[in-house]
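Participant: Chains as they are written, first to last, in this note's numbering: chain A, 4 to 346; chain B, 390 to 974.
Rather than coming from a laboratory, the hints here were simulated on the basis of the structure.
Be careful, since some hints might not be right.
Just a few of them, taken from the derived set where beta-carbon distance is under 7 Å, the chain B residues facing chain A [to be verified]:
(1) V668
(2) H744
(3) N745
(4) S746
Beta carbons: idealized from backbone N, C-alpha and C, even for Gly.
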Amino acid sequence: MKRPHGYSLFWVLFSIVILLSSSAPVLATDDGARAYWKGREGTQVFAFSYLRWDINAAGSLQFDPAHYIYPSSDIEASLFLAMWGRHFTFFNRPSTFSLALAGGNVDVDVDTNVAPPEFLPPGVVPGSSFSQSASGYADPNVSFLVNLHGTPRLKSNVDLLNYEPTWTLDAQVLLSVPIGEYDSAKVVNLGLNRWWGRIAFPMKYHFGVFSRGYMSSFELIPSVWLFAENDGFVGQTLKNDPLWQLEAHLTHDFTTSFFGSLDVLYRTGFQSEINGMEVGDDVEIGNVGFTFSYQVTDNVSLRTSYLSNVFGDDNLDNSILKIMFAYGWNPANENAKKLMEGN
Amino acid sequence: MTLAATQAFAEDKRPNILLIVADDLGYSDLGSYGGEINTPVLDQLAQQGVRYTDFYVSPTCSVTRSMLLTGTDNHIAGLGNMGEMTAPNQMGQPGYEGVLNQRVVTVASLLRDHGYHTYMAGKWHLGLEQDQIPHARGFERDFSLLVGGGSHFDDAWNVEWQIPKAPYTEDGRPVEKLPKDFYSTKAYTDKTIQFIEEGRQDGKPFFAYLAFTAPHGPLHLPNDWLRRYKNRYDEGWDGIRHQRLARMEELGIIDEGVNTADRLWFLPRSTSLAPAARVMLGRTMELYAGMVEYMDDQIGRVFDYLREIGEYDNTVVIFISDNGAEGNDLRGMLSGRVGSLGFLHAMNNFAENGHNSIGRKGTFAEYGPAWAQVSMAPFRLYKGLLAEGGTRSPLIISGPGVKGVGELNKDAVLHVMDIVPTLLELAGVQHPSTYKGREVVPMQGKSWVGMLEGRTQSPRGPGDWLGWELFGNRAIRQGDWKISWHHEPFGTWDWQLFNLAKDPGEQYDLSTKLPGKRQELIALWDEYVKTNGVILGERSPFEQASKGLPNPVPEFDDYPPIRGLEAIPYEKLKELLGGKTKEGR
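Can you build the whole structure from these sequences, using the hints too?
Facilitator: The structure is reproduced here in structure tokens:
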């Protein structure tokens, strides 16, 4: 007989715990698959994303939660999003606090024959075309997420080992602070010059075995974006109705370090009003795409996703390519690794 | 054999016989033997029948089964060694065929020939060839796993790479494919009930051999049973073992003040483990306990069915385990080294072992020596070895003619070889000297019928003795005395002498103190070798054990000192380590 196995499971345990706690949620502007998975209390995540947006608008549309899309415009944006998040326990519920900062540059070409005159920048007359660009930091935001159902507190590795979720329901509040780059003489800016935020109720259903390599989930994130007035919109006042959003992901582990997701993002609402007059139409955009994520090490993961509109208003072509680098760590597990590596 | 007794059973309707064998079940796992595992059906059986404390089997399964079905020593029946472990110098030698040989006749053959229906469902492990399988060795109906173990689900991988898919037979024919919802324990129960139902019209009694493969590794459970014992074993093996020992004393299984085995010397004190490590290591025991309870539940189905058809009161039920609990790293042994065929087999079939995955299809979890020593409390060591922890088994007998209902018999020294003579006497069948033109060896076991009827306390007198040899390890028991020889570090590569009445944990070697007694028993060993044709193998799976394990040292409760820690309740400790500090845990 081979020798009995004594402590080997002990080390297996540690490696599992390290993997689990580093699979922390990475909150991004458009959330993404597995963004609301919980990590052990004290786990922190830093994520840096690069986003490439290409938008071609045929009609009068609005796109992003904050940005009006000029009819007959071409927009190219190269953006970054830096995010830091930390898991903690709030009134005995697993919670996440995060800060996010975005920036980059946006280039817009607009045919003013189509654009509503109210939206034209000073000095631009209808019948011509204009180009504008902006670069710098956008408005940073702060987010608080708390689990309402389905996830017990995850204070220790014991809690993680006992964690086998099925249905979960969270609540999230996000608030953006209007301190990003903004020039009231321009129609293209990265900052919004107004307070805005979001309320979301992420829910998910885990099926299959909750073990790396076997996990699958269906995730549904209904949310609403709310905007204050922008009273410095090229000398006018811009108001927007709430933007309703439904995000869905069907995720599946292909291996212990590789998962994929089918993604759907649907947005509607966001009717604009300038100086009390409605401008343009409601947004209705349905994007479909996919995500692939690779866990490079216990701490590092790389993720790429692509979204493009396939339903909703067909006057808008858009595509979003996102590449994300994330680094997660938990102090206790880092210490365990130091010991195991003999440092 | 007492003729009067035989007639008493044979005059009326002869009793049905239900022989239930658990696979790798530990001595103290059942509630009626002190265990905390929920086993209401077998506990009730114990209340309706008699429990025995000193019942012996062989330390491994096929070896025990060879004696269980023939009533003679394994070295004669063909399992002088496990077929898989036969040493070069044992190859081709009589008694070392690795399968049940033709020198023996099975109890199934004899009962079938004398008017019994004979059914088997479960593990065979006594031969794969057409003339070696259950159908050829006396079972009219069978649903059998021919090899030693494998997946409990329909994926049916074998534990050994040499035959990647575990072969099953039904009524002597190979089973091509198992149903999708196959789970071994339930399937064997279903078949047993089906066979009895389909054969009962003619009014003949039946002999049903229900040989579960639970709780043999891999520890597998249906999904809805996976978390039945969730966190029940987070406390760790020391606490659970102490609780079992206390209950065993209460139940009278062990006497107060006897020497029980120390915690195995190569294992840490469980209270020295961080809570997360205990949860992780406890999960395997949760699965094991779930398998035991599931088996108990299924046995209940058989009993319910027998009651329904009015046969329960006319059925002698015998429940045993086949050997000590499994503390060896079977998975590690079978998966081999990277690049080997064993590794390829493991890769293809049971590579997944995530903490939430174990127990499911595609995994191979075992609970290891730490929990095996709990299962074998109060004894030392576990399966494969000839300490009491490898060879003691629970034994419950109930049924018509069994006197002393609810009692615990601590006087009888019993052996698995005794079961065939007992069953034959109950059925009024004589063991022949020839069978179908070939000579068969006589039985070595002793019938229990006199004991069951309350006329004697034991089938053995003070001069009777029992012997064992497997993998080069060897033992003799006579009365309260036992000598054993084990490879280091499980023994000393020499004979050790123990007094089992005072020291069932085999903690104190009395060789130096009582050299005469030791010598007496060594003489019996020589007789055992001669009688049974024992050939000590020139190779043994334990020959290198001393290289992988430290030498044993006695356990001291207060060393190393971790004073105060054990006084902290586990829940509090978990909270302290889980929430208030930043240390790794």
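Participant: Tell me the hint numbers this structure goes against, listed in increasing order.
Facilitator: Hint check: nothing fails, all pass.
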